[in-house]
Every structure is written in structure tokens, then in C-alpha cells.
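Q: Spelled out, the chains give:
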Amino acid sequence: MPYVAVKGGEQAIRNAEALLKAKRRGDADVPELSLEQIKQQMQLAVNRVMAEGSLYDPDLAALAIKQSWGDLVEAAFLLRAYRTTLPRLYYSEPLDTSEMAIQRRISAIFKEAPGGQKLGPTFDYIHRLLDFKLAAEDNTFPAPISEEYDTAEATPRVAHMLEQEGLVMPPSNGAQGNGSQTESGMVGTAHPTGDGQRSGVEPFDITRQSLNTPTNRDARLQNLARGDEGFLLSMAYSTQRGYGKNHPFAGEIRVGEVEVSIFPEELGFEIAIADITVTEVQMVNQFKGNKEIPPQFTQGYGLTFGYNERKAMAMALVDRALQAKDLGESLDGPAQDEEFVLYHSDNIEAQGFVQHLKLPHYIDFQAELNLIRKLRSDYEHNNSQPEASEKSKKERSTAAKEATS
Amino acid sequence: MTSSSPGSPGSPAPPPIPEPGFNFAYLDEQTKRAIRRAILKGVAIPGHQIPFSSREMPMSYGWGTGGIQVTASVIGQDDTLKVIDQGADDTTNAVNIRRFFKKVCGVATTEKTEEATLIQTRHRIPEKPLKAGQVFVYQVPMPEPLYFIEPSRTEANKMHALEEYGPMYVKLYEDITKFGRISLAYDYPVMVNGRHLMNPSPIPRFDNPKMDMNPALQLFGAGREKRIYAIPPYTQVKSLDFEDHPFSVENWEHPCEFCGATDSYLDEVVIDDQGGRMWICSDTDYCEQRQREQSGSAQKLG
Chain A
1 MPYVAVKGGE QAIRNAEALL KAKRRGDADV PELSLEQIKQ QMQLAVNRVM
51 AEGSLYDPDL AALAIKQSWG DLVEAAFLLR AYRTTLPRLY YSEPLDTSEM
101 AIQRRISAIF KEAPGGQKLG PTFDYIHRLL DFKLAAEDNT FPAPISEEYD
151 TAEATPRVAH MLEQEGLVMP PSNGAQGNGS QTESGMVGTA HPTGDGQRSG
201 VEPFDITRQS LNTPTNRDAR LQNLARGDEG FLLSMAYSTQ RGYGKNHPFA
251 GEIRVGEVEV SIFPEELGFE IAIADITVTE VQMVNQFKGN KEIPPQFTQG
301 YGLTFGYNER KAMAMALVDR ALQAKDLGES LDGPAQDEEF VLYHSDNIEA
351 QGFVQHLKLP HYIDFQAELN LIRKLRSDYE HNNSQPEASE KSKKERSTAA
401 KEATS
Chain B
1 MTSSSPGSPG SPAPPPIPEP GFNFAYLDEQ TKRAIRRAIL KGVAIPGHQI
51 PFSSREMPMS YGWGTGGIQV TASVIGQDDT LKVIDQGADD TTNAVNIRRF
101 FKKVCGVATT EKTEEATLIQ TRHRIPEKPL KAGQVFVYQV PMPEPLYFIE
151 PSRTEANKMH ALEEYGPMYV KLYEDITKFG RISLAYDYPV MVNGRHLMNP
201 SPIPRFDNPK MDMNPALQLF GAGREKRIYA IPPYTQVKSL DFEDHPFSVE
251 NWEHPCEFCG ATDSYLDEVV IDDQGGRMWI CSDTDYCEQR QREQSGSAQK
301 LG
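Note that the protein sequences, when read in sequence, are chains A and B. Residue numbering for the first sequence follows full-length UniProt numbering, beginning at 1 and increasing consecutively. Residue numbering for the second sequence follows full-length UniProt numbering, beginning at 1 and increasing consecutively.
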């Protein structure tokens, strides 16, 4: 018997891991990357991994990028798996992004917005020419000195100006449409306002509850915030090309640091636990109104960890598209279908299920083989029976061929 | 699920030392409790899918994370674990999951179906009948049996609630009109306890009858889809069929090349590029035990 069943899976797995580690390190004569280098010089990669990994920790994200050989989806997966081991001790108080220490802030709908426009570090107006000087090392790039600017001063929200005129619908958590705020912050629904107000309703937690449809906006936004950037970008793009059109304007984009605080009940006062960098986008979208609601603007909201404008903008467009059912709009595009968007946005889930096809499936394939063979024999049996004369003709002709060959 | 191992003395591998730095079975106790609650609900409503807050595990979704989380939530220090994939203990994914539980639990493991108190599987049910007291955990890629008829979960949930399973029967009927037989080879839908339509996970239809009135507790974990369901011991599980087209399982024209079994699920092994094939048991433990018995009795005779 020449055949021996495949054994030794454990040794093969160990060797594969060792080989991966060696390949990842590359040429030993080239200095090894430090986490500090990744954190500093690959900051946008670190940001993306933190956002999709759903864990704000630049050091661990840098480690994940190093460990994943630069594969950012794999790095986000590493962070998520690590996140599983962490207990949830507290929920933070809502962020107050109007108190953000602003690094960049722009509005596309007003030339002058109170608080000013500030470009900050952006690729937007850079000619995308390969910079060959950068190929050489030991470059120094001094940052320009801008005029002193008080980061402690609050920057009013652009959308707020439209709200004062009643031209924009206040953000809401689904069909209730009640998002009004009070000083105590106890009225309203679980929706993002960025105002640091706690709403009366406990928000959904997609990391502790299974997402069920139909969803509310709090669950949707959490899903989008850690959704795959590429997926959200394409979904957002599809709305602009007519699959669920809703005429977006970039009301405001701001990037900067905000304070995260918790309120431990046993202490009875708030404690600031971290400053984190976030990107916040408020889109202003056209809405023609319906019988109950006069024509006005609506909002799409995007928030990501770190500086990640493309993702935050895409998120805001998709958030707005997903409000279609609450606004009574017709559902014409995939971006408006919450089951389509929310169940396919997570790249940790998607990469796993797509790649699991690599696992052995020979039991199912055997079952399928047996079935196909059965169906084939049924087919051949059925097709050969009624035309007996035809068959005998064929047999004769093949016999003739054989005789001649 | 702690019970003393009934196996013959010293035959399961001795428990390894768990690696420090992890909670027992990786998940924290609160998460395990949440998963156990979902399992209990599942047991109370056989075949009904219970949503649970699935966690990211250190293996990829699609690699059995649902089954792994169920196993991690029910495993105890005294358990003896068996892990199979495609019926075999030595396939890479089975090896890897067993390695994981050795690392984070330090429990004893075995390849023998009868020695295990807890068995995690992908795509097969062992040939040797399960016993009362055993827990059998399935890895489930797609818990929703209606997904290829109704992709929307909102709608599918309504169909389950209303027991509206007509479209599934229509699909099976269409198969019969088109092909003369039901063309589902695996993932073959079952009715559990006469109430819930259930996806048995991609086991071949050959294994479906083993689920019926099984003395073991059968648990199903779908990690990516975040669903858990269960078949309590001695529950009726019926594969869908029609009176004039009764459910049947496949059989092979060949016995197993190694052990001669004619009652087991066989794997077709391609042995050359000339169309050469051989058929061997997919359940490696079953096949090895039979081979051992045969050589034992041969020695006795000789």
C-alpha cells in the first residue's frame, strides 16, 4: 500500500509559524523596525488599525503592525483578539468634541465659520509627485510656526448655526426624531451629538450585544466606526453615483484631541483618563421633506479614532444613507440597506469567512461528488432511454469508427 | 461540565500545564457566563437560534470561533477534550484548536470518541455513537437554514416565529421536479422537536440521522454570525423530506481500504494522476480502533 494518510499537522503548523517569523524579519543586515518608528512614521496606519481594531492604543497598534508584517487588516484582527481578553470596567462619559484641541478644522459650506478654518497637516493640496529627495535618509522637515492659538477655547459647531435657524434636523436615534438637549442632558435618545451630554437612553453596545435588525442609529454608528475603510468608502461612493442619492455637503470636519473621562459611581466625581485624537465629520444632506416634516437639511455623522478623514467622511455618508428608512425615503441603493451594509462592513469577520475556504472541505466535497455522480447517472439514464433507435445508430457509427481505426 | 473521566487509567494524554497570562479557557468569566446563558436558552428552545455577543478569538472567524467560544464556556479542568475536523483528529485545524485549549486550559485531550467528555467538531459526527453525559460542540459557519431562500435576517426571523417553512419545502420540491431527487449533500435542513427548522452545520446528510434522539448534549456555535443553538439529549431531529421521497443517506460501493468498514462515511483519496482512487474512513479514530481490533484478533487466532 503506497498511500499513507497525511499526519504531522502539529509540526507543520509550528514550522509555518517559524518560517513566517523569519520572512517577516527579512534581511538581518537591515536594522529591525522599532515600535516607536512605526508609531511616529506610520501614524496613519496605526490610526486605521486602532479604528478597525476597536481599541485606542497606539503602542499595541504599532506592535500589531510589526507582528502582522504590515498587513493592516491582520493587525486590526490582532488588536480585536487582544481586546477580547480585557474586561469592560466602565463606560466613558460622552465625548465633548466642541472642546477639542483642534489640529485641523474645515467647513465646505461657509467661507468663514466662527472658530475659523484651519488646514492642518493634509494631503489635500499637495501635488502628488513622488518626492525622490525623501528616498534619501536624514531629512529634516521643520514644522512651520503658526500664530499662537488658544486650544483651550471651544470651537462652535457649524451645524449648530443651521440648527438655530431650524434648517437642519437635530440628530436622532431612529424614528423617534427627538434629539433635543437640556442642560442636564437627560432628555433625548442615544445619538451622537459630540456635546458631551449623556442622553437618557443607554446606548447599544455592539461589543457586548449581538447586533439584531432592525437597528437603531447608535448600533449602526458603532458598527460603521470600526467597519472596513475600503468597504465604507465604496458604499459612500455608490451613494454619490446615484445608488441612494442624498446630496452631501461637508458641513464640518475636525481633527484633534479630546478628553475621555469616566464617572465611577463609587467615587461620585468624574476623572479624566486619557486624551485621544479623533476625526469628526458632520455632513449636511438635502432632504425634501414629507407630510410631517418640512424640507430641511439632515445630518450624517462620522467619527474615527486618530486622523482618518477619508473613513470618517465615508462613514458620515453611509450613516446618512442608512437613515433612509427613518425618514421614509425609498430604499434604492445597497448603501441604504442596513442588513447589507452592517453585516458586511466588518473586515475581521469578512476576511475570516472568505479565507476559511482554505480549510479542508473534503467531507462536503465528497458529499457533493457523490451527489453530482448520482445526478449525472440519472441524466445519462434519462437521456439514453427514449431514443433507443438513436442510440443504436450512434453505437453503429462508433463501431464503424473503431473498425476503421 | 466537569465530570471525572471514565477512560481506562492513564490512556488519555496527561493534562499539560496551561500557559500563564490567560484566564482559564481564554475568555473572562463574565463573557463565559453570558455565553452559558445563551446556551441554556438554546437548550430550553431546541433548534432555536439565540443571539450572543460573540468575541473576537485569536483564531479567525470561519476557523471555528463559535464552537471554540462554546467549548471555552463549558470546559472544566476535569474534562477530556477531543477535537475533530472532517472526522479526523490530525487535520491542521483540529490540531490547532486542540493545541489552543491545551495552552489556555491545560486539560487532558484524547482522540478516542468514547474517552472524551467534550468533543468539538467541524463537518462530521463520529461513527461511534455518543453517550449520555458527553457534550458535542459543532462549529457553524451559517446558522440560518433559510439564508439561501431569504437573505434578510429580519425576514427570516419572522418566518421562524410564524413557523413559515413552506418556501423551504418548495425549494426541496423544485429539486425533485428538476433532478428527481433532493440535491442537498450537506447542510441538509432538519426540523428539531417538531418546531424549529435548523441548519445542522455542514455535516454530510449521512450524519443527519445521528442527531435524532442522541443521548449527548449537542451545542452549536456560530461565531461570526453570533448565534448559539442546541439540541438537548433525546430530542427528535427529523431531516426534511416528502412521503413519496423519503430522506435517505448515501452509501459507497467500496468498503474502507484500511479497516473494511461498510457503515462509515468514506473519503475519496486521489492516489495518482491516472484516475486512481481509494476510499478510507473519514473518522480516523473509528478506523484506527477497528484496525487495532482486527490485528488483535488476528494475533489471537495465530
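Rather than coming from a laboratory, the hints here were simulated on the basis of the structure. Idealized CB from N, CA, C, for every residue including glycine. Some hints here could point you the wrong way.
Stated by the list, open to error - Derived list of chain B stretches under chain A, where covered just means 3 residues or more per stretch with a C-beta under 8 Å from a C-beta of chain A: (1) 71-79; (2) 99-111; (3) 130-138; (4) 146-157; (5) 168-179; (6) 204-218.
Stated by the list, open to error - Mimicking EDC-like on lysine to aspartate or glutamate, the simulated pairs with C-alpha atoms at most 16 Å apart in a straight line are: (7) Lys-128/B with Asp-187/B; (8) Lys-66/A with Glu-36/A; (9) Lys-178/B with Glu-380/A; (10) Lys-374/A with Glu-253/B; (11) Lys-158/B with Asp-175/B; (12) Lys-118/A with Asp-96/A; (13) Lys-288/A with Glu-329/A; (14) Lys-102/B with Glu-10/A; (15) Lys-39/A with Asp-59/A; (16) Lys-103/B with Asp-175/B; (17) Lys-103/B with Glu-10/A; (18) Lys-210/B with Asp-187/B; (19) Lys-238/B with Asp-272/B; (20) Lys-178/B with Asp-378/A; (21) Lys-128/B with Glu-114/B; (22) Lys-118/A with Glu-153/A; (23) Lys-245/A with Glu-153/A; (24) Lys-171/B with Asp-241/B; (25) Lys-158/B with Glu-93/A; (26) Lys-128/B with Glu-115/B; (27) Lys-245/A with Asp-332/A; (28) Lys-102/B with Glu-114/B; (29) Lys-374/A with Asp-175/B; (30) Lys-374/A with Glu-19/B.
Claimed, not checked - To give an idea of the interface, some chain B residues facing chain A are shown, with a C-beta separation under 10 Å as derived from the structure: (31) Ala-34; (32) Glu-293; (33) Gly-296.
Q: If a hint holds in the structure, say so; if it does not, say that too.
A: Structure-based check of all given hints:
no.: 1; hint: 71-79; verdict: violated (count 0)
no.: 2; hint: 99-111; verdict: violated (count 1)
no.: 3; hint: 130-138; verdict: violated (count 0)
no.: 4; hint: 146-157; verdict: holds (count 4)
no.: 5; hint: 168-179; verdict: violated (count 1)
no.: 6; hint: 204-218; verdict: holds (count 3)
no.: 7; hint: Lys-128/B with Asp-187/B; verdict: 21 Å, violated
no.: 8; hint: Lys-66/A with Glu-36/A; verdict: 11 Å, holds
no.: 9; hint: Lys-178/B with Glu-380/A; verdict: 14 Å, holds
no.: 10; hint: Lys-374/A with Glu-253/B; verdict: 13 Å, holds
no.: 11; hint: Lys-158/B with Asp-175/B; verdict: 25 Å, violated
no.: 12; hint: Lys-118/A with Asp-96/A; verdict: 19 Å, violated
no.: 13; hint: Lys-288/A with Glu-329/A; verdict: 10 Å, holds
no.: 14; hint: Lys-102/B with Glu-10/A; verdict: 13 Å, holds
no.: 15; hint: Lys-39/A with Asp-59/A; verdict: 7 Å, holds
no.: 16; hint: Lys-103/B with Asp-175/B; verdict: 47 Å, violated
no.: 17; hint: Lys-103/B with Glu-10/A; verdict: 14 Å, holds
no.: 18; hint: Lys-210/B with Asp-187/B; verdict: 14 Å, holds
no.: 19; hint: Lys-238/B with Asp-272/B; verdict: 40 Å, violated
no.: 20; hint: Lys-178/B with Asp-378/A; verdict: 11 Å, holds
no.: 21; hint: Lys-128/B with Glu-114/B; verdict: 8 Å, holds
no.: 22; hint: Lys-118/A with Glu-153/A; verdict: 14 Å, holds
no.: 23; hint: Lys-245/A with Glu-153/A; verdict: 37 Å, violated
no.: 24; hint: Lys-171/B with Asp-241/B; verdict: 11 Å, holds
no.: 25; hint: Lys-158/B with Glu-93/A; verdict: 37 Å, violated
no.: 26; hint: Lys-128/B with Glu-115/B; verdict: 11 Å, holds
no.: 27; hint: Lys-245/A with Asp-332/A; verdict: 9 Å, holds
no.: 28; hint: Lys-102/B with Glu-114/B; verdict: 19 Å, violated
no.: 29; hint: Lys-374/A with Asp-175/B; verdict: 14 Å, holds
no.: 30; hint: Lys-374/A with Glu-19/B; verdict: 50 Å, violated
no.: 31; hint: Ala-34; verdict: 8 Å, holds
no.: 32; hint: Glu-293; verdict: 18 Å, violated
no.: 33; hint: Gly-296; verdict: 20 Å, violated
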